[in-house]
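Novice: Chains as they are written, first to last, in UniProt numbering: chain B, 1 to 250; chain X, 1 to 304.
One or more of the hints may lead you astray.
[As the list claims (entries may be wrong)] One-sided and incomplete, this derived list gives chain X residues near chain B with beta-carbon spacing under 8 Å:
| no. | residue |
| --- | --- |
| 1 | Ser69 |
| 2 | Gly189 |
| 3 | Ile269 |
[Said to hold, decoys possible] Derived lysine to aspartate or glutamate pairs resembling DMTMM-like cross-links, with alpha carbons at most 20 Å apart:
| no. | chain 1 | residue 1 | chain 2 | residue 2 |
| --- | --- | --- | --- | --- |
| 4 | B | Lys158 | B | Glu215 |
| 5 | X | Lys186 | B | Asp223 |
| 6 | B | Lys158 | B | Asp89 |
| 7 | B | Lys232 | B | Glu96 |
| 8 | X | Lys186 | X | Asp147 |
| 9 | X | Lys73 | B | Glu46 |
| 10 | X | Lys73 | B | Glu116 |
| 11 | X | Lys186 | B | Glu215 |
| 12 | X | Lys106 | B | Glu57 |
| 13 | B | Lys56 | X | Glu102 |
| 14 | X | Lys229 | X | Glu198 |
| 15 | X | Lys186 | B | Asp134 |
Because the hints were derived from the structure by calculation, they are not lab data. Just so it is clear, the structure is predicted and the values come from calculations on it, not from any experiment. Every residue gets a Cβ at the ideal spot worked out from N, C-alpha and C, and that includes glycine.
One-letter residues, chain by chain:
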Amino acid sequence: MNNTSLTKQLFFASMISLLFLNCSPQLGFQFQGNYKAADETIEQEESFVQFVSPYKETMEEKMGTVIGVSEKALTKEGRENLLGNFVTDIQKEYVEKKFGLAVDISIINNGGMRNELPLGKITLGNIYELSPFDNYLVVLELQSNDVIKLAEFMTERKNMSVSGMRIYGEDNQLKEFSVNGKSVEQGKTYLLAINDYLANGGDNMDFLMGLHIKENSNILLRDMLIEMIQEKTSEGKNLNAEIEGRQIYR
Amino acid sequence: MQRRSFLKNSILTGLGLSIGDSVMALSSLKASSKSITIIHTNDIHSRIEPFPNDGGRNANQGGMTKLASLVNKVRSDSDNVLLLDSGDFFQGTPYFNLYRGELELKLMSQMGYDASTLGNHEFDNGLEGILQQLEHAKFEILSSNYDFSDTILKEAFRPFKIFKKSGIKIGVFALGISLEGLVGSKNYGKTKYLDPVEVAKEMIEELKRNRCDLIICLSHLGYSYRSEKIDDLKLASQVSGIDLILGGHTHTFLDEPTLVKNAEGHTTIVNQVGTGALRLGKLDFEFSNSDKITFASSRNLTIY
């Protein structure tokens, strides 16, 4: 009998004796929250592996389908990042094509992009990993003060990617920004391409809740990406993005 | 009463003497009692296989194919096992996107789950998406506080179920999280959300009327929030009568269960085991001859 089990037995016995001494209906309780101690490595259950196998083959076949080629690795490195610029550009372009709406700004939360895209072949699986959640494409109407709030939020949090807007901030303060190269005009309505998670106040974007919804689509962000990449490929175009000073923070 | 005082004395003597004696006292107690083993998961999130071998911190760990081995192992060691889940078995890997939950429910059925409940991600393909997959679940999916009566899921779920193991009656009910703002409104339609605290009180009353010896709540409310939002800890402090809350939603890896003693003196055990079948919660309950809980112990197991 080793020391650990000796301590456990003593503890166990003393818990029970306490229980009976008090003659209380309250239950005694013992924890053994030691995870490393859990026996040996657990193998997969063979019959389950067999059962899953045909599902897995079909899935891997489908996920392995190449839908495009990327000129470079589209990563999430940096506050302004290649992947975010790529996705928000695609989102803007898609809404313009699909709904015929002149989108001013397109955003995504960097946390919502769950994996990066590699240089070279892009598979369906890559896009599922990038966008595993079933988030829907939404278009919101913003007034000039809402656009300012958005720019201030982005400057403070630095967790968003954007297309259509340029921001310059210092010490978490918004210093300068423009939409499509112009200052924001009072009285003008701006269209924002976004996903339903953020539009419903996710990632602390409460200020977006209750804004007028121009388009509440049932199109998944993932399906949007797949469709656009396939379209570009059929036109002989590769995937690409540049860091071009959309967000500069000092 | 005589027997009780004998036990008390022998245990105290045992402690004063040697380990050998205390172990004997222990085993004599165990022989006269019944035991129930509760094993449980939450937020499996379509983790059919272990996490991919990509150098990440969970690489090769978790997943339902490994979980099945561990469940078998526990079953071979214990007689009265109840396998429970607290929801969000859907969504998280392409298996869900492609097969819409069929594989998750089939594997849970094969593992012999006794009951689960609806997490918010079960609504990811709408009410239709739940209805289409229900035939694959050969276990009980419980829901006590979603009112589906005006929807296509009318009468699809029971609010509670009573399991009998060696004469011990275990009452299980299930509480879901408020869907508004969390799930797209078109995905839950005319589902009505009922107050978890009020529903819990009704369920406890009902289960006690049915003379349950152990009352378990499968919860997808979440472990703890700083805000006023209801969570497992608040539920335990506001409601008396739940012995065990098996939680989910917040993907909380509790190193050991939390004991909540409320103002009325009732103690509830709250446990939650992360996500992705990376852990299996295990709680052993001992019952006296009169089927009262005398002792509980816990050891959450890692699936690596």
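Novice: Checking each numbered hint in turn, tell me which of them this model violates, lowest number first.
Specialist: 2, 4, 10
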